[in-house]
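So the protein sequences, as listed, match chains A and B.
Here my numbering is used: the first residue of the first sequence is 87, the next is one more, and so on.
Here my numbering is used: the first residue of the second sequence is 103, the next is one more, and so on.
Hints were generated in silico from the structure; no laboratory data involved.
Since no wrong hints were added, every one of them can be taken at face value.
Listed next, the in silico DSSO-like pairs over lysine-lysine satisfying Cα-Cα at most 30 Å (straight line):
(1) A/355 <-> B/222
(2) B/201 <-> A/355
(3) B/201 <-> B/222
This structure is a prediction, so every number in the text was calculated from the model and none was measured.
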Amino acid sequence: MRDSLSRVVENRDLGSGIYLLRLRDPALLEERVEPGTFVMLATAPGLSPLVRRPFSVQRVQGDVYDVLYRVVGEGTELMSKVQVGQEMRSLGPLGTHFALPAPDETAILLGGGVGIPPMVALADSLEQAGHRDWHAFVGVGTAAEAGCWVGFEDPYEGTEGAHRIHHATMDGSLGFHGHVVAAWQDWWQANPLPGDKLRLYGCGPLVMLQAIARLAEERELRCQISVETVMGCGVGICMGCVIENADAQDPELYREMSPYDRWLLVCRKGPVFDAAAVVLEGGSLH
Amino acid sequence: MSRPESSSKLIAPEDVDLGVEVGGVAMDNPVMLASGTAGYGPELADVLDLGVLGGFVTKGIATYPWEGNAPPRIAETQAGMLNAIGLQNVGLDSFLTDKVPFLQELRARGVKVVVNIIGKTVEEYHEVARGLRGCDAVDALELNISCPNIKEGGIAFGTEPCAAGEVTAATVEGSDKPVWVKLSPNVADIASMGVACEKAGATGLSVINTLLGMAIDLETRRPLLSIGAGGLSGPAIKPVALRMVWQVSQACSIPVIGIGGIWNAKDALEFMVCGASAIQIGTANFVNPNTALEVVEGMRQWCAERGVSRIVDLVGTLDRS
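For reference, chain A alone in the conformation it holds in the complex (with noise of 0.2 Å):
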């Protein structure tokens, strides 16, 4: 990780409230950026926001990184004032990231409104190591927001391989009316895959991550979800984005387990987690 100064090239509002933030640092980027990792941008100089926010990264290319954002509150709704050439307070890479599946399985990415980032991420990944077996599921509120999620372009558009990126919106405008979760069951019961064969990742709102949780349970799946908690520092200092550890719901293994191990702190030990790893229910995530 590098605390750093990261160079605005580009900030492009891209519609629905969605924009795209492309930074430069070389310094920063000199550690291997994983997908699903992410950055703590100062969203604005001086003490309001006081500190940092966390953005996945979506895509790197050559010395620049892309962030895709969307103005939810006081830190984005300033970052989106950004001006080309300033510069942000950043520090990253950080956290955990997805593992790539195995050359014989079918890698099912789900993502849903700001969880879309780090899938493309995930997606370009399986691309450079060879692996074409995925399929994306892309949820969104309408056919208009869903243009403004850029990056996950069809690599195989137009070719046999096509039609990997599918989408779901809530109010039927595009693809699969409904959750992106169900698009998901929608399609693979059209295509009975082996539930061994396939690997699943997930990143978007809390309902979503419970709803692929459930399933990958059900089904004995494999699956890694991203989760998302208030965070302050993002190195694992101020341990405010903690999550519930699965095990501390075992009575036995909570018996055996240090206390210390029961909240597991999201940017060290996360964002990335497997999915049976950690709490999802119960009301202690907002």
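Since chain A is already given, all that's left is putting chain B on it; use the hints.
Relative to the frame of chain A, chain B by itself:
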């Protein structure tokens, strides 16, 4: 205006003596990282050269591991943040086995190591102090009697002079090292707390811990922190901290360590002028992990430019004439 500690002679920044002696610990410079804002050391080592520090204060250590609070544990506020971590810590045994080797290396580089200790009873504080006896990686203990997040016990030690004195005495009795006490600002008279700890054998006073605060979500009408309230830190609390450092340093004869929203060298120097012999950087580590480095260099520069050859000459020089 000319100050007694200043000379018109130009001083090179590298010739400024930043050395301080704080409650039985001699440090190369007055800058420390505050407990709970820098882990046990390795967490920050990738982005900050810890060798620049005068001292390092560990995350609080209890006799046994604590799990801490459920999330959400932090919330941002104007120029500050609230936390309710709940003192999640690895416990004494794991600290001695897993954390001490790194701290030993740090100490070998000239950084003084202070272990923050926590407990829910007087006996637990005493027990941790005893457990650290003979540990040559540790220069001093800092007693956390003020962390406001623990429902059982903790808050009482920090708010009653008698209880603070009792727990300080028990720790001093159990320890072979200097004992500092970190005071809570959530009291009517912080000076009397300092006096009680000094009488009980403390050699230094860390001032201040976080201020109890709260933040809510208006739409859901729920608190932003899982346990409701939490400790406020960051630049928002600096004026309160400065006032308390001044009050405690006036009332006590042992050194005061200034803490509270220090963001840069100017902030740090203000604390020293108000009576702090050294300072700790806390929340700033989350925002800019290189704050400590910038503070050390900035102090040196400021002193050089004003002809202050020894930083100790600044301590307690607030002019109230």
